Each structure stands twice: as C-alpha cells, then as structure tokens.
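Residue numbers (the working numbering), protein chains in the order written: chain C, 399 to 562; chain Z, 399 to 562; chain V, 399 to 562; chain R, 399 to 562; chain L, 399 to 562; chain D, 399 to 562.
Misleading hints may appear alongside valid ones.
Identical copies go unnamed one by one, so any copy, or any two together, can satisfy a pair.
In silico BS3-like pairs for lysine-lysine, Cα to Cα no more than 25 Å straight-line [what the hints assert, rightly or not]: (1) K495 x K561; (2) K489 x K475; (3) K450 x K540; (4) K540 x K561; (5) K450 x K561; (6) K495 x K450; (7) K495 x K546; (8) K450 x K475; (9) K450 x K546; (10) K450 x K489; (11) K546 x K561.
None of these hints come from the bench; they were simulated from the model. Predicted model only: the values in this text are computed from it and were never measured.
Number of protein chains: 6
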Amino acid sequence: MKSLLNKIDSKLSFERASAHCDVPCGIYDPISAQIAALTVVRMVDLLLDQEKGEGANIEVRNKMARLVANKEEHAEKAKHEIRIIWGDFIKPAHVEKYPQIHGLVHSIMALGSEAKQHVSREVAVELVDKINEFAEIFWEIKGQETVKAPAPYAPNLDLVYRKI
Amino acid sequence: MKSLLNKIDSKLSFERASAHCDVPCGIYDPISAQIAALTVVRMVDLLLDQEKGEGANIEVRNKMARLVANKEEHAEKAKHEIRIIWGDFIKPAHVEKYPQIHGLVHSIMALGSEAKQHVSREVAVELVDKINEFAEIFWEIKGQETVKAPAPYAPNLDLVYRKI
Amino acid sequence: MKSLLNKIDSKLSFERASAHCDVPCGIYDPISAQIAALTVVRMVDLLLDQEKGEGANIEVRNKMARLVANKEEHAEKAKHEIRIIWGDFIKPAHVEKYPQIHGLVHSIMALGSEAKQHVSREVAVELVDKINEFAEIFWEIKGQETVKAPAPYAPNLDLVYRKI
Amino acid sequence: MKSLLNKIDSKLSFERASAHCDVPCGIYDPISAQIAALTVVRMVDLLLDQEKGEGANIEVRNKMARLVANKEEHAEKAKHEIRIIWGDFIKPAHVEKYPQIHGLVHSIMALGSEAKQHVSREVAVELVDKINEFAEIFWEIKGQETVKAPAPYAPNLDLVYRKI
Amino acid sequence: MKSLLNKIDSKLSFERASAHCDVPCGIYDPISAQIAALTVVRMVDLLLDQEKGEGANIEVRNKMARLVANKEEHAEKAKHEIRIIWGDFIKPAHVEKYPQIHGLVHSIMALGSEAKQHVSREVAVELVDKINEFAEIFWEIKGQETVKAPAPYAPNLDLVYRKI
Amino acid sequence: MKSLLNKIDSKLSFERASAHCDVPCGIYDPISAQIAALTVVRMVDLLLDQEKGEGANIEVRNKMARLVANKEEHAEKAKHEIRIIWGDFIKPAHVEKYPQIHGLVHSIMALGSEAKQHVSREVAVELVDKINEFAEIFWEIKGQETVKAPAPYAPNLDLVYRKI
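With these hints in hand, go ahead and build the complete structure from the sequences.
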C-alpha cells in the first residue's frame, strides 16, 4: 500500500521538494551550469590565443595543458549540474508541459562532450545557449521572471538570469 | 561549411564512434552501472539486517554509516554511467528507433535519487530492472545477443548480460 | 631582470587578470560560495527537523547520515571557493584598500569548520553573513553594484547579489 | 579473547565475506579492472594514430592531452580495482594455494605505472594479460568457469570472462 | 630490441628512479601513510569517547558520522600511499632481499579494511605498527638511519622516523 | 548565553583542540605541504629537462602532459594543506602574536597559483621557502624545536623539520 502510494506520488506530484544535492534540499540553481559553460567558452578563447604562439615553448605547453584540463573539467561540471536538476527536480508532470526538455538535456550532454573533444567556439557558445534555454524553463517552473544580460566577466556572453 | 557538415554529421550519423569516457574511445559497457545498482540492493539488504541490532552500539553505528555512504556512492555511480552512455553513445537516430529511451533514462535518474533517499529494497530492485532494460536496448543497438542470468554474488538478482 | 619585473608586477598590479579556476580565466563569482553556505543552513534546518523523529528508525538514520555528509560537503565548498577568490583575485593592492579582508577570510574558514563540527543554525547563518560581506567587497572591487535580496529557495535568507 | 579469535579468524578463514567496496559487500568482479586496462590499450592506439598528424595543430593537441589524461585515469583505475580485490578478498589461505598471487599483483602495479609513463602498446597489452591471469584465479576461487573471448569493442583483445 | 632492454631493465634494475606520484619523481616518503594510520587511531579514540554520550543527541550523531567518515578516509589514504611505494618503488631485487614485503603489504591492506569495518583500537594500532615496519624497510633501502619516537600529537604513539 | 560563551571561546582560546582534518583531531603537520611543494620543484626540473628534447615526439608529449598535471596537483595540495592548518589551527590569539601570518598564507596561495601557471624554478623554490617559514611558526606555537636539513630525495632542498 505504501509502495503504491509512493508510485502514485512519484507519477503525479508536481511540487515535490527537490534539490541540487538530491537530499533533496530544494536548492536548485542553473547558475552553476551557466558559469561552467561560460568558462568553457573562455578556455576555447584562451586556447585559440595560444595557438598563435610558438608551439614548442615550455610556457606555452604548460598553459595549453592547463587550458584543456580546465575546459574538460567545466564541460563536465556543466553536464553534471544539468543532469542533477533534470533528474531530481523535473518531474513527469513538468515533462508533459515541456515535452522538449528530454531532447534539450540530451543535446546539452552531447554538446558538453563535443566541447571537450574539440576547440570550437561555436560548439561552446551553443552549449551556453542550450543551458540558457534550460534555465529559462527552470525559472518559469519556479514562477520566477528572468532577464537576459551579459556576464560580468569575459567572455561577456548573455546569460539568462533570474530577475532580482 | 565545416560546421554545417558537423551538424549534419551529429544529426544523421548512427554509427559514429562512442565511448565510456567521452574521448570518445568506443568502450561503452552497461555492466558497470549494473554492478553499481546491484550493490545498492546489497547495501539495502545489509542495512535492513542492521536494523534488527541494538541501535546505540558503536559497531552497529560504524557499520550503518558505512553502508549508507556506500549506497550513496554506488547509486551515484549507476546514474553517472548511464548518463555517459546515454549522452555520448545514443544519437538522435537511436532515439527515433527507441523513443522510450529518454523517459527510461529520466526514470533511472529519479530512481537513483530515491534509492539514496530511502532504504527501500523495492526502489533498489526497480533501479536494477530499469538499468537492465537500458542494457538490453544498448546491446541490441550494438548487434549483440543478450541473456538474463543471476549475478554470481549476493544479491543474486538477474542481470542482462551480453551473450559470450 | 624578468623575475624582478615579475615581482614588481605581483606587488603593484591591481588589475591583473584573475579566475575562479586559477588558469587564470577571470571568471570569479562568489555566488557559488553563497549557495553552498545557504545549503549548509538548509542541512542544519533539516537535521533539526529529524531530531524530533525516533532515532533508531532506519529511514531517519539514512536521512541524517546524508544530511551530515551534505553539510560537510557544502561547508567545504564554501571555504574552497572563498580561498580561490582570495588567493587568486585579491592582490596586495586590494588588501591595502580593504585591510579587514584577511581577517574576514580567516573567520570564514573557522566558521566553515565550526559549521561542520556542529548542528548550529547560528553558526551556519553567520557563515552566510560573512560570505555576503566578502561578496560585497568583491563586487565593489569589480565596480559592480549589489543588492540584498532573499534567495529563491528555502532557507530564503538574504544574499548579496550583483545588480543585473 | 575476542581479539585472539579475531586473529585466528583472519588467519584461517577462507570463506569470509568480501567486497569490491570493502564494506564488505561480497560484490567483487575483475571486469572493471579488465575494461579499464583495455581502455589503456585503446588510448595508446589513439595516441599512436595522432602521432602521425601535425603536432602543432590545436585540435591534435587537445586530443592528445585528453588521451593522455584518460590513459592515466584508467591505468590508475585498473590498479585500484585489483588492489581492492587482492587486499579484501584474497585471504592467507588463498595465498597458500596460489603462491604466485602476490608477485602477480605486484607486477600489475608496476605495469600500470609503466603504462602511464609511456605510450607503449606492448606494456598496455601486458597489463591486460596479467589482469586476465588474475581474473582467472579469482573466478576459480569463486568456483566459476571462465571463457576467453574478444571484447565487443576496439581493441577487441581477448578477455577472461566468467562463463554465463 | 628496445622492449627487450626495457624488460631486462625492469627485472634487474635496483636503483631505478621512483616516486610518490608514479611520474616517477623519486619523492617517496612513508610519513604520509604513517600520519594517516595515526589519524585512524585518533578517530577510534574519539569514537569510543562518544560512545559514552547519549546516542540520540543530534550533536553526538553529527560528530560520530564525521568521525566514521574521517576514519574511512584516512584508512584508505594509508592503504593508497603504501600501495604506491610498494608498486612503484619496490623492485624485484628488493623483494629478493626482503621476501616478507609482499605479505607485509598484503596485511596492511587487510588491516586498513578491518580498521574501516570496526571501531577497534587494537586493529588501528596494528595498522600503525605494520606501516612502521614498512617504513623501516623503506629507509633501510634508501640507506637512511631511522629512529623510533612518539608523534607530537595525540595519540602519541611511536612512529619510525628518518633520523635527521 | 551559550552562543556568547562560544564567541568568547573562539576569540580568546589559544589551546583549543585542532586538526588536519577539521574533525578536529589535533593531528596537524606541515610536512605534507612541504613535500607537496618540493614535488612542484621536482616537476619543474623534470619539465625543464624535457624542453631540451624534440617536442613532437609522442613519448616526450606523454611525459610533459603528466608532469604538468602532477605539478598542478601538488601545488593545489600544498595550498590546501596550508589553508587547513591556517583556518583550523591558527586562532585569533596566534594572529596577535604572529601578525605576519595572514600575509604569509596569502602569499603562499598566490605562489601556489603562480607555480601552476608557469614553469619557473624560482617561483617553485619560493613556494617551498614560504611554506618552510609557515612550518617554523607552526612548530614554535606547538613548542617544538626545529632544524633545517636537506630532503632525502631530489631536489634536496632544505626543509624545516621538527627536531626528533
């Protein structure tokens, strides 16, 4: 009986508590994923800058190795943060209202991997865009208004912020 | 032009290389997620055993703290492994053929979190089942036959194995 | 000669690039530390809720073990994020202008540890306050206006946000 | 008295429970180490492919940095997984029956480090071989038959599988 | 030819460079493992202190959860550090001279796990002892004298230090 | 009242227990940070050796990637260990007696990042020096004599050791 109720609960409940740490604690915020994706773009920009330098120089090599590792880490972080919100906060009822959300998250995962595999500004910017799209849906579900504004650090791409 | 080709590629390609580490290296195997999910069931069984013991005893407390931490870790691992295969190996063309896959992965994420939040054998077994279902689709895509057989360690639940 | 220039540079430079990942990439944002500290408060609230329940129950134990672990993790995260901004972004010239900053960061470290060691709402809230104080200085250095507003999730404590 | 019994127990017991996570949960499976070692071979193959490309190109550099990092990670994983089974599952009584096991594990550790230090297919393949040897002993102890069959992904080297 | 030389090298070389980070960088030092093992004893002492307190109290629970987690972490660290020195620094020629070393390391792994599984001062102290024994052999190989002296922090057990 | 006492306690107490793992367990030892900083110097030396080799060779690339990653890891470790002792062991009363300590720790953080960002022996050696300075203060607070002696592994720089 309890398990039946649990199932009904997990199928229907729209307002069940939710959290960025799956406690659930209810503290979900896409800003972490957005900053991580922006960092990926920044790493690509810095890598493309290095490309012009002389390749065999040890300082250049040290820098490139670090830039690639940081690109890797932040692309992974962006994917992980979105997976958490999607897996823990988004309930079947949300999926009904936003049927595109599964495909959107799937494309964020693929873009995150592509951003790791290449040094492509286009891919990295698309990752930011898709995560912005996700943020917009998220805040709409939470009943919060959003605003698009440039980030206060390079690259000053537009992020979807919750209106404060 | 190159980026256009890239896009066509990522939309159409069915057989693009893929990997459990997003290199991509092509070495995807759901067995890691399956063993992790089975471990969650095992932790639940051991926790329910402990429950009968006297709660204030320090040995029991040490054991329970460790069982919960391990349940946590393996539920996370199961989710992470499935996310990688889904995000890196599953392409849009696969989604067309297996339209249920997004919902299946979403439910694995939710079950993984529920398995962390509770000490429920039912939830943990359902996690194993859903991951088995995922494994079956995965091996079918890879053109490999599967067989259902009990795991060689407790809990000896059936896992979907690739037929060797 | 180069090393002399380097030293002068590190002593005088006020506007040297800076980063949340020490690349340096220039993407510093105290919001991560603020959300982490808020999460610590949330964990404390949930732990105090649990306290009223019956202690030996296995579901309660599972929950408490997870709440403590998450409190731990987020207190550490808050400390780590502040250490990075302090160590990488804050230059000697900033310290001259904000002589209290070393003591402030030191107290954040101590509060972070106290928040781990106890289940004290007072300590956790003080951690949020001190990190807000740090955020205010940070955004002032960056020439950005700030606004104090409640977080959009429980516990809805005031955070110092950059004005968008 | 209890401690004396404990010592006798740890000296004589052959069938004491054992686990891949030292709970112990009893879920030991060398397949994780085998897949990790196979991944090391794959990384070496991909690195040797890259070598032919033009070295200064930024896409090649990004790829090589990632391949080296993944080689590192999986060599470490292979070592770690074997250490766990050896340290937690293998008891003194097993060592008596398989006196070569200490030396075998020691050589796996050394090979894992060599595989990190070099880009050598020979070393990586030897790592797979030695771990296969370990897997064979492991399954024999567990009373399970094994079969040697090619892995279902490149590089399709033979792995020692438990017969299902 | 080169691979043949490599093999001869790995079989015979006694003085090959070695490292705590498998670079190899040559910086091996058992002190990290010794401090970690000492910390395990400390955690056990603090846990046994807690046992006398009232079990349901939330402050006690928070403390015990943290003590168990730290015991776990430092037991793992002790095992990991010893595995690195054993796997990377100890060569076949050393094993000939110290034939007991494989068994010693194996017992350290088993004791590390036992120290996790229980709250036993006896097991934890035995872990310190065995690691001291390992440190003695290590410094003898390095041609350094050692001295046994109490650690400068509780529990002030004797550690085998290199004579400075 | 209790919170007032807590505050007085944290302001005045000089001898409050303290720990390298913030339990607090009281086991603080700067040797870990010192070994980590020494390892950074070693990585720089090995990197500068590699620079002379031919850059496009895959073995050289593998080695350089690993050296940079290890330099990164150990510089981070050095920073982290010092942050812990500073944040958890150093109390306001110590700061009064050693008013330079905040600035010293701040410079260790900056040097740690510079050591990551460059391949500079001068920076790496300065990191060792500053951490030695910190170790000297630490042991003085603990009432322990120190001695300066060369490390028993390359680079054999002087470390500040506790006199045994």
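Now for the hints, and whether the structure bears them out:
Taking the shortest Cα distances, K495 and K561 sit within 25 Å of each other inside one copy (23 Å), while across copies they are farther apart (32 Å). In this assembly of identical chains, K489 and K475 lie within 25 Å of each other by CA distance both inside one copy and across copies; the values are 22 Å within and 21 Å between. Neither within a single protomer nor between protomers do K450 and K540 lie at most 25 Å apart by alpha-carbon distance, with minima of 46 Å and 30 Å respectively. Within a single copy, K540 and K561 get their C-alpha atoms as close as 12 Å, and across copies as close as 21 Å, so both meet the 25 Å cut-off.
Neither within a single protomer nor between protomers do K450 and K561 lie at most 25 Å apart by alpha-carbon distance, with minima of 40 Å and 37 Å respectively. Taking CA atoms no more than 25 Å apart as the test, K495 paired with K450 passes in neither setting, with 48 Å inside one copy and 38 Å between copies. Taking identical chains as interchangeable, the C-alpha atoms of K495 and K546 lie at most 25 Å apart only when both belong to the same chain, with a minimum of 23 Å there against 33 Å between chains. Proximity of K450 and K475 under a CA criterion of 25 Å is satisfied in neither setting, with 28 Å inside one chain copy and 32 Å between copies.
Within a single copy, K450 and K546 get their C-alpha atoms no closer than 33 Å, and across copies no closer than 44 Å, so neither meets the 25 Å cut-off. Neither within a single protomer nor between protomers do K450 and K489 lie at most 25 Å apart by alpha-carbon distance, with minima of 48 Å and 29 Å respectively. Within a single copy, K546 and K561 get their C-alpha atoms as close as 9 Å, and across copies as close as 13 Å, so both meet the 25 Å cut-off.
Figure legend: structure checked against the earlier numbered hints; hints not met, in rising order: 3, 5, 6, 8, 9 and 10.
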